[in-house]
Amino acid sequence: MSSLLRITDLSVEFPGGVRAARGVSLEVAAGETLAVVGESGSGKSVTALSVLGLLPEEATVTGGRIEFAGVDLLRCPRRQLNELRGRAVAMVYQDPLTALNPVLTVGRQIEEGLQRHLGLRRRAATVRAAELLDLVGIPQAARRLRDYPHQFSGGMRQRVVIAMAISCDPRLIIADEPTTALDVTMQAQILDLLRRLRDDLGTSLMVISHDVGVVAGLADRVAIMYAGRVVESGTAVELIGAPKHPYGRGLLASVPRLDAPSRVRFAAIPGTPPDPTALPAGCAFAPRCGHVVDRCRDADPPLLDAAGGRLVACWRHAELALGGAG
Amino acid sequence: MTRPVESAPGLRLFRPTTPGQWAGLSIIALWVLLAVLATVLSADPLAQQTADRLQGPSLAHLFGTDQLGRDVFSRVLQGGRATLPIGVSIVLLATLVGVPLGALAGFVRGWLDEAVMRVADLLFALPALVLALAIAAALGPSVSSAVIAIAAVMWPRYARLARGQVLTLRRREFVLADRATGASPAQVLWQTVLPNAAPVVTLVAVLDLGTATLAGATLSFLGLGVQPPTPEWGAMVSTAVQTPEAWWSSLFPGLALVSFVVAVNLYGQVFDRKGLGR
Amino acid sequence: MTDLLDVRAATVAYRTRAGIVTAVNSVDLTVGRGEILALVGESGCGKSSLGRAVLRLEPLAGGEVRFAGDDLGTLRGTALRQARRRLQMVFQDPQSSLDPRRTVRQIVERPLKVHGIGSPAARREKVAETLDLVGLGSRFLDRYPAALSGGQRQRVGIARALVLDPELLVCDEPVSALDVSIQAQILQLLLDLRERLGLAMLFIAHDLAVVRHLADRVAVMYLGRIVEQGAVEEMFALPRHPYTQALLSAAPVPDVAAERARTRPLATGDLPDPLDPPSGCAFRTRCPHARPLCAALRPELVHGVACHRQDELPPFVSPLTHLGG
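Chains as they are written, first to last, in my numbering: chain A, 8 to 333; chain B, 39 to 316; chain C, 8 to 332.
Not one of these hints is a red herring.
Which stretches of chain A does chain C cover? Using the computed rule of at least three CB atoms under 8 Å from a CB of chain C, they are:
| id | stretch |
| --- | --- |
| 1 | 242-254 |
| 2 | 270-282 |
A short list of chain C residues far from chain A (calculated; beta carbon distances all over 12 Å):
| id | residue |
| --- | --- |
| 3 | Arg-73 |
| 4 | Ala-128 |
| 5 | Leu-245 |
| 6 | Gly-311 |
Rather than coming from a laboratory, the hints here were simulated on the basis of the structure. Small disclaimer: the values here were computed from a predicted structure and weren't measured. In this text, a Cβ means the ideal position worked out from N, Cα and C, and glycines have one as well.
Please construct the entire structure, taking both the sequences and the accompanying hints into account.
And the structure:
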């Protein structure tokens, strides 16, 4: 199957020996939605930012390839990257307030992209911009083109950001924690919007989130990251229903469930995430894992095949699966 | 996620981190040492040997002699004993007056805030040096009047600085937490808020040390600070101006002054840290 | 038994450049001894302001807060300080709620020193005991907050709140800023502490799933008023106010089938401008069941629900009854 985006073995470091990404490999097929799930320090945001070359200055990509429709984004000329940005690959950020330019009207910001990437004339761009705002559910779209970002509420701003993202018919949208800054009722609306747009436009979507519930409705496939690596990946239905990696299990178990039949104890993962400058040799999750054996501490497991397209970075994944629900 | 951060609070705050800061600290230390040991290292600065007046640097007089035949080397070394403490006293006085006033104004707000800020505004509006001169002249020429005059002109700066810091800090959650535990407003201000304002205030104060020293020297230069025949770098440059051909009598005290001020500015950078007391 | 905390007609208002915002509008609530009451709502509903007003960190523009029978508003000086010992707060942001210039030891000891309790030796012991209670060992004593993880900092915040042996804790979104796997640790800690110490809690949160497993009773707030309150199990199984229904249906659940089957969200549009709230029922602009009456008359809390149409509305199928038996 041809993949639209293929990240192979990506490694990113920050000054001070911080290994934010250590050999990350991910794929998004055309028309597919991939969710990348992890907590802070997992490297998920760093991976997303690397795709469009949006890492902060002090970060260094120390290895790997990012191929988009055959082009290696890490090695292609600047101009080519700029052309792809906003056009073929668009991004939706976490904080709509900082993602929008406060001194330009919302209309101008959308029109700029249309003019630059699609070559539309001014008037045509304005018309299209109004259509886009309407598409994302902003009432009185034509009038609101003339408003500035601060005149919109948080949820509306995020809709504007989404409008900008889809404006040039991108083949891939990368959404980095798109609803984290929003209230839950607004979050539901935005997720609904993303789902609708994705279905109508057929775009591929890569959603980064720490909230498994948020991605459950959107994702076809899910990848879980921990300490800079992908530790498990598979279809959304299978992975979220029955994760196989001890961290994946622990993560899902620690989310309090609204739909649980009765009140239960909160199930925490003991310990704390590792220090990215002093990662243990061997499996990064070993210090917190309830199923650790010597082998885990000696060697860091790669992503191993666990049947049915599932990949699990755990030496013991087969035995643990047999052992039944843990 | 988090890595163990070496935290700043405590004396570690004063430790130089760059070569420039080390250089600055060394020069300051050197001058302080020389000032302390001045009487041991040099001869009587007041001894006049009119026969030897305006002699250039020689083995007998390392820095030459001035127009009254006094040894410039001795006067420079001992001049530090006048010049250095003046700068320090000025900054100390200005902060001791300005910081509490500004902190109270920022914490209590209301009429106190208005009053302090209006007075500060007034003082900012007037040209600093002129005002200092006026005050010093009114108090009569002496070291203490110079110190008071310059401090009187400098305190609004610290008041405004402290007020700004307090205004930001009082909204922080840890200050709210302090109130929640039952601390009185006084306890919250002096024990929790102010220690967190200290790094920024210290930075400014240390950098001002150079400016204050220069200001004191300027007043002495103009005859309103240290009185002759006591050696003081600024005053020495002033008298040396009358005999421009004797370059040594103005150069050495001038160099002393400049080196000290530059050293203070170099070392002062140590307090300018991102994330100080974050 | 009288309630430990009795809030009556509490009102908190802020003056902004654009006008007066009534963040909390005549709210009544009670918390009994050893009980956990959750205060739930989205941003701007006033739950944080109410929490702070209970501790007198914000002034009340109206109403009163009674603790163990005493009106906190009438207490001054020493009496107020004494009362403060029994009511403590845990803050949301572990990063900014600890004094960066104090060590863990100093932070936890501070409340004791402020109240002049015990000798230095006795205080040291109390600090060690309290840190132990929250699961932090003595090796943390001389560390600064910057050297701690989010979860560890939050434990220090809890220790600070506990060191005075309070009877009630106001927890203002204490886990919202933490990673999910750490949230569970802190939540279980709070529950264990309630068991061991008999603490009552006013737990302010926006995450309903957390509330489900933590609280005994819950009050839902919208634009400064309580719109529904009651026992957790009942309310979550059968929410009666349209806003509560919207919240419950909007809350994401980590279950693919449930999420994919999700129908349109129940609350449309945006939060109204708090400076100019809608007349009558504040939720009517987003409510699928609004009628003219809702604009004309503000509904009072009747049987724990503030909705004119509470008896007419069709029963709501909540995620709880739909799945998981």
